[in-house]
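Visitor: So you can see what is in the structure, the chains are spelled out below.
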Amino acid sequence: MKYFLYWGCSLEGTGANFLVSLKPACAALGMEFEEIEDWNCCGASVSYAGANDLAIKVLNARNLALAEAHAGYDIVAPCSSCYIQMVKVNHEIQEDPELLKQVNECLAEGGLKYKGTIKVRHIQDVLYNDIGVDRIRERVVKPLNGLKVAGYVGCQSVRPYGEYDSVNKPVVEDRLLEALGAEAVPFPKKIQCCGSGIFLPEIDYCMKLVKNILEDARKHGAQLISTVCPMCAMNLEMYQGRINDAYGTDFDIPIVYLTQLMAVAFGMDLKKDAALNYNIIPPEGILQAAIG
Amino acid sequence: MENKVNYDPSFAEEVFRNVDAGDEIKMCMNCGVCAGSCPLREHMDYPPRQIFGLIRAGKREEVLNSQSIMLCTSCYTCVVKCPRAIPVMDVMHGLAHYALKQGYVPRKDTAAFGGEFWKQVYRLGRIDEKDLPRRVFFSGGLIEGVKGMLNFMDIGIKLMLHRRMKLLPEPKIKGIQSLRKMLDKAERLGKGGAIA
Ligand code: SF4
Ligand code: SF4
Chain A
0 MKYFLYWGCS
10 LEGTGANFLV
20 SLKPACAALG
30 MEFEEIEDWN
40 CCGASVSYAG
50 ANDLAIKVLN
60 ARNLALAEAH
70 AGYDIVAPCS
80 SCYIQMVKVN
90 HEIQEDPELL
100 KQVNECLAEG
110 GLKYKGTIKV
120 RHIQDVLYND
130 IGVDRIRERV
140 VKPLNGLKVA
150 GYVGCQSVRP
160 YGEYDSVNKP
170 VVEDRLLEAL
180 GAEAVPFPKK
190 IQCCGSGIFL
200 PEIDYCMKLV
210 KNILEDARKH
220 GAQLISTVCP
230 MCAMNLEMYQ
240 GRINDAYGTD
250 FDIPIVYLTQ
260 LMAVAFGMDL
270 KKDAALNYNI
280 IPPEGILQAA
290 IG
Chain B
0 MENKVNYDPS
10 FAEEVFRNVD
20 AGDEIKMCMN
30 CGVCAGSCPL
40 REHMDYPPRQ
50 IFGLIRAGKR
60 EEVLNSQSIM
70 LCTSCYTCVV
80 KCPRAIPVMD
90 VMHGLAHYAL
100 KQGYVPRKDT
110 AAFGGEFWKQ
120 VYRLGRIDEK
130 DLPRRVFFSG
140 GLIEGVKGML
150 NFMDIGIKLM
160 LHRRMKLLPE
170 PKIKGIQSLR
180 KMLDKAERLG
190 KGGAIA
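In order, the protein sequence lines correspond to chains A and B.
Positions 0 to 291 (numbering that gives the first Met the number 0) are the ones given, in order, by the first sequence.
Positions 0 to 195 (numbering that gives the first Met the number 0) are the ones given, in order, by the second sequence.
Chain B on its own, in the form it takes in the complex (with noise of 0.2 Å):
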């Protein structure tokens, strides 16, 4: 009997080379160890042993385009569980990364926090935890700004009773300047973005 077997290695291959630790899911055996221990499997439309399928299958715009790859809360469990010591956290943010910079957002939220996220470090070298919720909820425009802000006001205003509230501005750190630099050329010398 013919034995069939769906594998398209282009989408593989654009992964190994492109994606952050994208690499590493040569050694996995579709145990779907991960998978069972993750957090929030129950919300994810592919679990990670899936998504490793997807990429072998050549399932380019299911992969990039899945919920999961942004829904990890980046807890570890499946890289301490892994019989192939597959670091499979680190292949769902590289994944992510490669997806947003391909232009797919797969969780507008998540990506809109995470990038403005970096944006600060970028600008301060450290986060201003009362200026990044501000800035997530405006990057959705000014209604949708007002309404997230309204709808973590009273959080807002306990930690704030509660001396949980750094008052002043966060300042930039010193060497803020070289600190630019280093990343500059950690994106250039990195993979994660560029299609090659």
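Chain A on its own, in the form it takes in the complex (with noise of 0.2 Å):
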């Protein structure tokens, strides 16, 4: 199954473990991926201050053109931020012909056109629904033996639309992870939002938001989080440190990408498939003991 994968900014350098350990992961699952040649930024959710709407949804247009004028393949963003942008932008074209007419004419500005034929994804919606989790579970070689993974969600990986999974209640990421042989435990903050992109400017209120999480995540039992999005990943991995300082708790907890967990337990080399060199907090320790 052939795919475009559009990685965004981050994935080759903050969210640098989730790229590495997906390509091998999903390529065991018999995915292949092409690049949308020329690809820009999706804007993520603060270019609002610099860009009026439409201006966000040419940026965005102009990737699906790209892609469309290429190839009809689905686009996979991993990055939920990019997945929520292209996503959003492109049911609101599909939705409203007088709008898509509006995109047309900036594109034409540089000799794009776009049809609407396109569909975006995010990752987890292909494992789940196109791959699916007994083709997953197949490829399991080394089980991750019932490790007590809280699988954070986030708020942009499933939402507004609901394509793939509950925008309230979602349940793919729990699914996912037990294929691998972990166990999901239940975690109520599992959609609450850390912070997304404005973290760095609005730090002191969006830690907060992340020591919920985490204390949360740890109250449920949980050794490790997983999460499907390279900003939660960073917001939950960087400061858990200052988040210490600030309210004199204790975290160290692993944050891991789905993806990474996928890879341990396909069996392939913890660093150069997974990845786990480049977390901080550094998972080897529990995943090696959890895979005996």
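Hints are computed from structural coordinates only; laboratory data are not their basis.
C-beta atoms are modelled at their ideal positions from N, C-alpha and C, and glycine is treated no differently.
Some clues are possibly wrong.
Stated by the list, open to error - Derived lysine-lysine pairs resembling DSS-like cross-links, with alpha carbons at most 25 Å apart:
1) B:Lys146 with A:Lys270
2) B:Lys184 with A:Lys270
3) A:Lys114 with B:Lys180
4) B:Lys184 with A:Lys100
5) B:Lys80 with A:Lys188
6) B:Lys118 with B:Lys173
7) B:Lys171 with A:Lys112
8) B:Lys80 with A:Lys168
9) A:Lys22 with B:Lys190
10) A:Lys207 with B:Lys146
11) B:Lys129 with B:Lys25
12) B:Lys184 with A:Lys112
13) B:Lys157 with A:Lys22
14) A:Lys114 with B:Lys107
15) B:Lys190 with A:Lys100
16) A:Lys100 with A:Lys112
17) B:Lys80 with A:Lys207
18) A:Lys207 with B:Lys157
19) A:Lys112 with B:Lys180
20) A:Lys114 with B:Lys173
21) A:Lys207 with B:Lys107
22) B:Lys165 with A:Lys271
23) A:Lys112 with B:Lys173
24) B:Lys118 with B:Lys25
25) B:Lys157 with A:Lys271
26) B:Lys80 with B:Lys100
27) A:Lys1 with A:Lys147
28) A:Lys112 with B:Lys190
29) B:Lys180 with A:Lys100
Unchecked claim - Ranges of calculated distance between the beta carbons of each label pair, as one might list FRET restraints:
30) B:Glu143 with A:Gly115: 43 to 51 Å
31) A:Gly220 with B:Arg83: 53 to 61 Å
32) A:Glu104 with B:Ser9: 46 to 54 Å
33) A:Asn144 with B:Gly144: 27 to 35 Å
34) B:Glu12 with A:Arg134: 53 to 61 Å
35) B:Gly144 with A:Pro96: 28 to 36 Å
36) B:Asp130 with A:Asn144: 28 to 36 Å
Hey, can you piece these two chains together into the complex? The hints should help.
Guide: Set out below in structure tokens:
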């Protein structure tokens, strides 16, 4: 199965462990990826400060148009912020012919045109619906043996259209974790926002959000937190030290990407494929113990 | 008994005309679900529901100066919960953009961050994760810039040591000129700025 992989601006940087682990883990399941030639940034969620809504739509429509002109594969966006931007713009364009016309007027300035035929998918969506938990389970050679994982979904990963999972009670991530042999612990804060893209400028407020999420995961017995978004991963992992300083807590919980756990359970190399050495709070010990 | 309602439609009309998604608030029934579900509500001077009420009451200064319109983390909670299907988040973003255009700066740091973010998208077509914070920190002047850099140095170093920092500068995308033309056109064609 072939897809466009839209990895956005952070997956070669702060989210590198996501991209590095995603490629071999997905290849092992028969997925093939192509890059959208000369793709641009999705605008993330703070662009409104500098641009009007139409400009942000056009920015995303350029990627959709490039993908459509080249081949009609679905676009898979591992970053939840990229996913939500593209999926939202795509919906709005597809549902409003007037808007499509306006967007195309702008795209024409660069010789592009979008017909509206592309589908944008989250990585969890393709894993769950195209590949399926059975095929994933079959591929597992080193099951995670009941490792207690809090599947942190975050907010943007499933919203706002609920295309592949419930927006209020998502289950897909837990099912995928279970397919790897892990135990998905119940975790009420699994869709509580982590502060997302405004963490840096609003650090004091956002630290509190993250503290609540970490506390909840720990209270429910999680040994690890898994995420499917580079911003969630960054916010949950990087600031644990600061949160400890500010609140007198002692958090030291590894934050891993779902695809890192896949690579581990598929018996791949813990560094080269699972990119565990990219993590700042090391998850190797816990994972080694789980897979025995 | 006389029913006295303070209603001044002039600002509401300004919002409907000029703010992205601004006309969506016409459907708001003030139930407060958006405010109740917002993760940063306790830090907001006026949660979304109240912002909409203030718009209807003609309170232009209060709305365009409000902290809350720039405290939105874009989590979509209000959007999925609103019983009237109002894209509350889009209205918050629209209001923030409009306020900034009119010279209000409700949250200085977020305004600088978002502003630099978009400038970089316009300049390169992509984001350079190591360059962006530097520009944000120094947008407030040299001293603030150095302070900001020092404050986040530990995080930068950790990321670098763990191979999570792209070391080369992000080059411009090939189609940058044509992308800029598209975005310029969109700025002219869309709402979100001028008072009309
Ligand atoms: S949830 Fe919707 S209808 Fe209720 S106050 Fe908020 S915007 Fe208005
Ligand atoms: S999208 Fe913004 S306004 Fe809506 S709930 Fe989230 S933070 Fe609050």
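Visitor: Now tell me, hint by hint, if it's right for this structure.
Guide: Cross-check of the supplied hints:
1. B:Lys146 with A:Lys270: violated (35 Å)
2. B:Lys184 with A:Lys270: Measuring from Cα to Cα gives roughly 46 Å; hence the hint is violated.
3. A:Lys114 with B:Lys180: holds (20 Å)
4. B:Lys184 with A:Lys100: holds (13 Å)
5. B:Lys80 with A:Lys188: Roughly 16 Å between the alpha carbons, so the hint for lysine 80 of chain B and lysine 188 of chain A holds.
6. B:Lys118 with B:Lys173: holds (17 Å)
7. B:Lys171 with A:Lys112: holds (22 Å)
8. B:Lys80 with A:Lys168: Holds, at about 13 Å.
9. A:Lys22 with B:Lys190: Given pair lysine 22 of chain A, lysine 190 of chain B is violated - Cα atoms ~40 Å apart, limit 25 Å.
10. A:Lys207 with B:Lys146: holds (23 Å)
11. B:Lys129 with B:Lys25: Distance ~42 Å between lysine 129 of chain B and lysine 25 of chain B Cα, so the pair is violated.
12. B:Lys184 with A:Lys112: Judged against 25 Å, a Cα distance of about 14 Å means the pair holds.
13. B:Lys157 with A:Lys22: holds (24 Å)
14. A:Lys114 with B:Lys107: violated (40 Å)
15. B:Lys190 with A:Lys100: holds (16 Å)
16. A:Lys100 with A:Lys112: holds (10 Å)
17. B:Lys80 with A:Lys207: Within the cut-off at roughly 23 Å; holds.
18. A:Lys207 with B:Lys157: holds (22 Å)
19. A:Lys112 with B:Lys180: holds (14 Å)
20. A:Lys114 with B:Lys173: holds (23 Å)
21. A:Lys207 with B:Lys107: holds (20 Å)
22. B:Lys165 with A:Lys271: holds (17 Å)
23. A:Lys112 with B:Lys173: With a Cα-Cα distance of about 18 Å, the restraint between lysine 112 of chain A and lysine 173 of chain B holds, given a limit of 25 Å.
24. B:Lys118 with B:Lys25: violated (33 Å)
25. B:Lys157 with A:Lys271: Holds: lysine 157 of chain B and lysine 271 of chain A sit about 19 Å apart, inside 25 Å.
26. B:Lys80 with B:Lys100: Roughly 29 Å between the alpha carbons, so the hint for lysine 80 of chain B and lysine 100 of chain B is violated.
27. A:Lys1 with A:Lys147: Outside the cut-off at roughly 33 Å; violated.
28. A:Lys112 with B:Lys190: holds (22 Å)
29. B:Lys180 with A:Lys100: Between lysine 180 of chain B and lysine 100 of chain A the Cα gap is close to 17 Å, so the pair holds against 25 Å.
30. B:Glu143 with A:Gly115: 43 to 51 Å: holds (45 Å)
31. A:Gly220 with B:Arg83: 53 to 61 Å: Cβ of glycine 220 of chain A to Cβ of arginine 83 of chain B: about 39 Å, so the range 53 to 61 Å is violated.
32. A:Glu104 with B:Ser9: 46 to 54 Å: Roughly 32 Å apart at Cβ, these two residues miss the hinted range, so it is violated.
33. A:Asn144 with B:Gly144: 27 to 35 Å: Once the Cβ atoms are compared, 49 Å apart, the range 27 to 35 Å for glycine 144 of chain B and asparagine 144 of chain A is violated.
34. B:Glu12 with A:Arg134: 53 to 61 Å: Cβ of glutamate 12 of chain B to Cβ of arginine 134 of chain A: about 56 Å, so the range 53 to 61 Å holds.
35. B:Gly144 with A:Pro96: 28 to 36 Å: For glycine 144 of chain B and proline 96 of chain A the Cβ distance comes to about 47 Å; the hint is violated.
36. B:Asp130 with A:Asn144: 28 to 36 Å: Given a distance of about 43 Å, which is not inside 28 to 36 Å, the answer is violated.
The structure is inconsistent with the numbered hints 1, 2, 9, 11, 14, 24, 26, 27, 31, 32, 33, 35 and 36, although it conforms to all the rest.
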